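Peer 1: Take the sequences, apply the hints, and build the full model.
So the sequences go chain by chain: L and E. Just so we're aligned: the first sequence equals residues 1 to 122 in the working numbering. Just so we're aligned: the second sequence equals residues 123 to 244 in the working numbering.
The hints are simulated quantities; they were obtained by calculation from the structure and are not laboratory data. Incorrect hints may have been included.
Covered by chain E, per the in silico footprint, the following chain L stretches (three or more residues, Cβ under 8 Å) [what the hints assert, rightly or not]:
#, region
1, 23 to 34
2, 99 to 110
Example chain E residues on the side facing chain L (calculated, C-beta under 8 Å, incomplete) [claimed, not checked]:
#, residue
3, 142
4, 146
5, 151
6, 154
7, 218
8, 222
9, 225
10, 229
All values reported here derive from a predicted model rather than from experimental measurement. For each residue, glycine too, the CB sits at the ideal point set by N, CA and C.
Here is how the chains run, residue by residue.
Number of protein chains: 2
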Amino acid sequence: MARSQRRVLTHPEVGEVDLLDVLHALADPTRMTVVRTLRAEPERACGTFPVDVAPSTLTHHFRVLREAGVIRQREDGNLRWNTLRLDDLDARFPGLLDAIVTAYERQESAPGRSVEAAAQPH
Amino acid sequence: MARSQRRVLTHPEVGEVDLLDVLHALADPTRMTVVRTLRAEPERACGTFPVDVAPSTLTHHFRVLREAGVIRQREDGNLRWNTLRLDDLDARFPGLLDAIVTAYERQESAPGRSVEAAAQPH
DNA sequence: CCTCTCTTTCGACAAACATCGTACAACCGT
DNA sequence: ACGGTTGTACGATGTTTGTCGAAAGAGAGG
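Peer 2: Put into structure tokens, the structure is as follows:
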């Protein structure tokens, strides 16, 4: 029995995706990086993301994103490929993901903010 | 010394507002209800929101929203008035709040979803 | 001054969360 | 069959979070 049958990889249906879960999934720097990376490249294996956490931690983040309906995971041999569920998300929440990621990238590229925010320890 | 001087009520500046904090602030049903209510009515006192939590819990949620830069709190006599910082948020993240709240209300008014989600205990 | 209302602060508590190391399972080369 | 690669599962840990009740502050109105 192949791995693709053994593990289940539960994905919520489009109509089951909960906005609050999506927001929570995106409200984490590591997961936001995953989503941003996935928006630039259509499909990527788990280990190829520019994040700096332990493998097991990364697995956790991928599960959060998948169970929130943000990404889709597909197995192929030894690798697990991740794609953004952009069509599904856009069908349920038109323009939302784009608005959020755009806002994040706008913030990241804003001059002066990161300096200020780093100075004030919040 | 009046109460308005005694308590500080720290609000982040527009440039200090962090998107991830905003997302986290909105990823809670109680706080989302507060924001939705505030979007319909310009200003409202703390105790007048249609939420079902203890007063101290509500205070906590208002602080989260305020420190994330989502709402502004102003004291007047015995009451604390809350407003949405829509202009500030739109200046920093154009269209974001509207996209999120619209998505939430779309979800809430979608037929069949809440039934399904309530049946499956998540 | 006294009381009532609105809201906060504090302390507590259980649940959820992000993180890691270790162990393991599946697949792919050779 | 063996070793390397990729990723998961599990258990542990410290932190954050949502929740509440009790106590108290500050103003309004008698």
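Peer 1: A separate judgement is required for each hint: does it hold in the structure or not?
Peer 2: Going through the hints against the structure:
no.	hint	result
1	23 to 34	holds (count 7)
2	99 to 110	holds (count 7)
3	142	holds, 5 Å
4	146	holds, 4 Å
5	151	holds, 6 Å
6	154	holds, 7 Å
7	218	holds, 5 Å
8	222	holds, 7 Å
9	225	holds, 4 Å
10	229	holds, 5 Å
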